[in-house]
Amino acid sequence: MKILHGTWIPCPTEDFVQMGEFCLWVEDSQKKRPRKPSHRHPYQLDAAALLEFLGQTLGLNNAYGHLPGHIAPKSFVLPSSDKQPLPSPELMRYWELDWPDQTELQVWEVDCYSVRATVKLRAGESSSIIAPIALLSDLHFIARHQLADVQFGSDLLFWYRYSQSLKQVILKDRYIPALKYRELPQPRKKSKKPSQKSLTKAALQKAALQQQAAQQESPFELYPTWEIVSEQYESNLQRYVEYMPAICTAGHAASNSGNSSSAQRHSAKKSSAKQNSANSKTLHLWERQSLLRHFSEVAIEDIVTHAVRTRAFENAIAGTLLGLCFKPKQQRHPLREPRFLDLYRQWLEWRQKLARTQTKASFYLGFQLDDPGDADADWDLFFAVIDRQEPSYRVLLADYWCMEANERAMVRERFGADFEQQTLVQLGYAARMYPTLWTALDRTAPFGMTLTLEQAFEFLTEFAWVLEDAGFKAIVPGWWTPSGRRRAKLKLRPKDKQSSSKSETKSYFSADRLADYEYQLAIGDEAVNEEEWRQLLEAQTPLVLFRGEWVELDASKMRELLEFWQSQPPEAELSLLDVVKMEAQQDGDIELDTSRDRALADLMASLRDPSKLQIQPNPERLQGTLREYQQRGLSWLSYLESLGLNGCLADDMGLGKTIQVIARLVQERDERAGQPETDSQQETNNQQETDEQDTIDPVLPTLLIVPTSVVGNWKRELEKFAPHLRVAIHHGSDRNQDKTAFRRLYDEYDVIITSFTLARKDSKLLSAVEWHRLVLDEAQNIKNPKTAQTKAILKLNARHRLALTGTPVENRLLDLWSIFNFLNPGFLGKQAQFRKTFEIPIQRNNDVRQSSTLKKLVEPFILRRMKTDRNIIKDLPDKVEQKIYCNLTKEQAALYQSVVKQITGELEQAEGMSRRGLILSSLTKLKQICNHPRQFLQDGSDFTTQRSHKLDRLSEMVSEVISEGESLLIFTQFTELGEAIEQFLKHNLSMNTYYLHGGTPRKKRETMIAEFQEPVTEPSAFVLSLKAGGVGITLTKANHVFHFDRWWNPAVEDQATDRAFRIGQTKNVFVHKFVSIGTLEERIDEMIEDKKKLAGVVVGTDESWLTELDNASFQKLIALNSSAVI
Amino acid sequence: MASISRTWWGQEFIEAMQEFADPGRLQRGRSYSSDHRILKFDIKHGQVSATVRGNINPYFGVHKEPKYRVSIELTPIPSEDWPKIVQHLSSKAGSVAKLLLNEVPDGIEDSFTGLDYSLLPTGFDDFQSQCSCPDWSRPCKHIAGVCYHLSKRIDRDPFLLFELRGLDREDFRAELLKFPLGKALASELGAQYDVQPQPETSLFSRPILQTVAEQAGADTNAIAGSLDPKEFWQGATRIPKVQDSDAPAVIPGILIKKQGDYPVFWEKDKSFIKVMEELYCRVRQQTKGLF
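So the protein sequences, as listed, match chains A and B. First residue of the first sequence? That's 24 in this note's numbering, and the numbers climb one at a time after it. First residue of the second sequence? That's 3 in this note's numbering, and the numbers climb one at a time after it.
Chain A with its partners taken away, still in its complex shape:
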């Protein structure tokens, strides 16, 4: 794990021009606490490693020029304890350290990369500049979306967020050329003796004279630069000062007084409190606001002066203030000649006047354009004043001037005594930007003016924007607003003739082709024939009164559209995917009009809003009842498939994606079985009529590709809900690898389950047959399109494809693309293309528009219901319990077998107390093995997911919960396992975790609980031992409860579950109980479930009753069903 840090460090200088550096450094979790004291930060990546990390891992080599020259040590004031700096909070968490009680600030040396970028100014000339804003965006993107083991420190996050807001200055042109006046100190009579001996006396004298002369001549210097003028900038600055952590103010250029700082450290060992107060007076930090200003000003100047320039532009500004300011830093020199003082004064006055225009009035000046109902009449532009606080209060100036004196006084009371003057000044500013207004001002009481059609058009298209942007309000007619606008376009409509007759008989669509559509010329929603179109083209005016309403005409575009229209064949060929694409493109010139095609319109509406689908009943042979939203899910699945479309079921974890898929498997077979000859059911079933159905073949098998950790769970669930389906697992070394044997399997079974790994290994077998359906569980597993696994899966041959995922795919665009590449190849373009159009704009540049386009594109194919949806909550019980079945790994199975074997032998000989002890200890051993081999072996070996499917599954599920922004509890009866799980989550998944066990001191226990419950705490995992955490405490922030191993008494488990499921819980609680397939855990589970049996057995809170079992029953209890091993 690497944690990126960085901050802005001003150069240590008293010079007039004080630059700064953005210094990046990296904390490394692999570093160990050093033995020898040193002034160097122990956990940093030092120079060589930093260089390699920046270049190799982050890939900064190309964009950021020559790295090695910019790496140097800096010093940081950091919270420290016990003669070491404390790791950052991110690293503290990773290392599972607690904050010490006593901390103090000390200075540490850290190797930093001073961010530089090389930019091209013009052909053949480039310049090196500080480019923190771009680098921060890049790093944030990399750390967030590309590299899992690189984290963003809180310091860098602050700078990232702040620099994003600073971009507004550039984007909105909120900066001006400026001159800064520097008063030179009066020349001293006795100049200091120069120390350089190499210079000759004469040369020194000469230099001194020159300097003196220059200073006498001009007691000043003027520095051309750029200045930020923006209210938004100022208010942002105030806001961000509040958020700025002290760490961002703690960086300093490496002082050569490194000794003194270490001396400081060593001198005050005695009392840390004393030292702390001493340090708080001697150590320095930057004052927040001044540091932010310094950063902003340097960064903005750097950007502005490094725009690419052309010779022509440089000529245009040569010899002017602009020319001086625009030069890149190294070519910009202070001005000393007296003539520049005039330039400065002129600039200063302009600057002050500019500042005056920035003052806020209590009202907006508005411009309201009213259209005439008659094509030849003039348009009216009225002036209005609008209350800033209460925009519905609006007074037309035309009315104001006619008011009685007392009414006017009331207006003045609201807007200020100098209201009239203010209005006038504002009108003057407006007229500056919109010179047509001057005409309106040729009177004492200006109220508005009339505009010609051309002027009105000019106002609508250009000046309304200008005025709005300048802080005025433009009020335009409704037909001009984006929603009310009618434009010339081409419409794709169903052909007239067929719409009446054919569409009733032909009500089925395929994904490949939608015929019977034609292009039509249209204005807004109204169709226009060619002749009308040509007439409009000849109108020569940009605005036309067309059928009673005003419309903008763009002649050149209309001509283009006409040509396109003429070149089209009479019928358009469209697929459903094309239709979705067209609907997603909001302002295309070609618009799909389904308003007269009820069938397609309904179809699209159902796709966009599945709640419109007719709910399908619980399939007859399904052994279980679907909840209402699950029935909707089933309807959606079958609807999509009937259209030949492939979708992704992305419901939140716990909502039962599995059962919905199983229901579909049952349903399609029910339908086949109960398929009547013809007619009678055609109306209700016509959606399912597909071309395959001409021959009533049995349904081909479905291939389920799932993570190894859930193979067993799928099988169990299928057995439970659809016992009549023949389910085979294609996994393990004894699987059918022979072509004919596999073919037999294919012929005999309804469902074949395999893992992602085998999908690759056995790709030849799997791709040799045609599947009815291909289902990918945890479909984000095919994220990388280049892997052999993904390629193999894409090659499989299936009529339908279905992806399942519980992670919020819409936020992980690469996952999203991969899933679509599986579902509907080509729909979202090639990966590189997708990156360019969507991923980078959305994730790096926050492009809202592209984000909404993408949403529209994928929406019809993704069904994602969240636990928090009101409709779902309604359907869900407050507590949803679910078993998670996992297979044993081979290693686990071997260990399990050997323990069982050993016990069987020993059990024969044991008697009395020793038999009791043997039974209890063997139970513990077996449970340990089911959890993880390491727990049993107690050898400190790797706690990896490869060795336990249970842990693998837990880690997948926990990640999903956290990524949904929710918190969770994990219960286990073993202390050592709890600790291992907590460490695992912390290290491998970078989660915020807590761990409570019997040995946790009371005080710590309370702090942890309070912190976990705190609303501002990020989503976290709380691991608890069943005994210590089972009672008394409230952890209602969690709404997922995992029982990693099972206890004999369900009451104990329920009691533990109730830590989350109790008063104060506002969400549905999901309980996940892990069961190892074919082991004593499954047996225990069966016993718990089988209430009748339970009633007869006295079940205590412990396992002692099991010792009462006779040897045969006990052996039966613990025996391993070896078919359950994967």
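Check each hint, because a few of them may be wrong.
[Stated by the list, open to error] Some but not every residue of chain B turned toward chain A, in silico, with C-beta under 7 Å: (1) L28; (2) R30; (3) I40; (4) Q200; (5) Q212; (6) Q217; (7) G219; (8) K232; (9) G237; (10) Q261; (11) K272; (12) I275.
Hints are computed from structural coordinates only; laboratory data are not their basis. Here the structure is a predicted model, which is why all the values come from computation and not from measurement. Glycine included, every Cβ here is placed at the ideal spot set by N, Cα and C.
Given the structure of chain A, go ahead and fit chain B onto it with the hints provided.
Only chain B this time, still in chain A's reference frame:
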């Protein structure tokens, strides 16, 4: 050669002066309009007085570099007529607004013609000028030079025209205050811009160093032993995720457009606003990699 004045009123002022003048003299006059030639330039009570450095000219018996005194006045408008003029002027919002923006309104003369006056000189006979040089012709090159210089002043400060016609600023203000629209103008006229140099101690805002105790707040004793390392790293308040729109400005340079084109410091003939627009667009588009 670029025209001397860039405003229409400056142009008219010059044209009036040039009415019957000899082109050769005017040509030479131009070279007398520079700071280099004009040693002293002063306007008091509507009267311009200047000292101009002349040339040695043995033909005219000038053997030592001469200094000529030039004075120029426009025919004044009697003070009793000003109120009417100002009243007329104050009845037009556009005129007042333009003046507020430091420009001469197009229809300014409408306020004068009714009384048979004009603001801008109509011909050279509107000028009363004197020069101590030996040249007998009027305008001589020195007068022409001072006029050119004056026209540049008028470009930037249209109110100078009123002063030249005998209405000084204080009186003008007093008159304007009588009318509602005039009040707006009067306050602008009265606005004092302090163009005294404002010395800075640094080019960029100077980052200030403070002790840890100072940053933590005034209470220095409280800091001892109470350092919260987590807060030191993460700040007291979490940064909310705000998404600013990345859309660039629709119209470039709104900020500078409010002060109008051709600011005083801009000496080029090409529009300052146009050049700034290009600069803004250039910076937004050509620095993409930098932000």
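For each hint, the structure was consulted:
At its closest, the beta carbon of L28(B) sits 25 Å from a beta carbon of chain A; the interface hint therefore is violated under the 7 Å criterion. This hint is violated: R30(B) has a C-beta 23 Å from the nearest C-beta of chain A, more than the 7 Å allowed. Restraint check, I40(B) versus chain A: the minimum CB separation of about 14 Å is more than 7 Å; hint violated. Interface restraint check: Q200(B) against chain A, minimum CB-CB distance 6 Å, threshold 7 Å, status holds.
The beta carbon of Q212(B) comes within 5 Å of a beta carbon in chain A, closer than 7 Å, and the hint placing it at the interface holds. For Q217(B), the suggested interface contact is upheld, since its CB lies about 5 Å from the closest CB of chain A, less than 7 Å. A cut of 7 Å between beta carbons decides the hint on G219(B): the least distance to chain A is about 11 Å, and the hint is violated. Restraint check, K232(B) versus chain A: the minimum CB separation of about 6 Å is within 7 Å; hint holds.
Interface hint at G237(B): satisfied, since its Cβ lies 4 Å from the closest Cβ of chain A, which is below the 7 Å cut-off. The interface hint given for Q261(B) is met, as the beta carbon of that residue sits about 5 Å from the closest beta carbon of chain A, less than 7 Å. Using the Cβ-Cβ criterion of 7 Å, the hint placing K272(B) at the interface with chain A is satisfied: the shortest such distance is roughly 6 Å. The criterion of a C-beta within 7 Å of any C-beta in chain A is not met by I275(B), whose closest approach is roughly 10 Å, and the hint is violated.
In the structure shown, a violation is registered for the earlier hints numbered 1, 2, 3, 7, 12, in ascending order.
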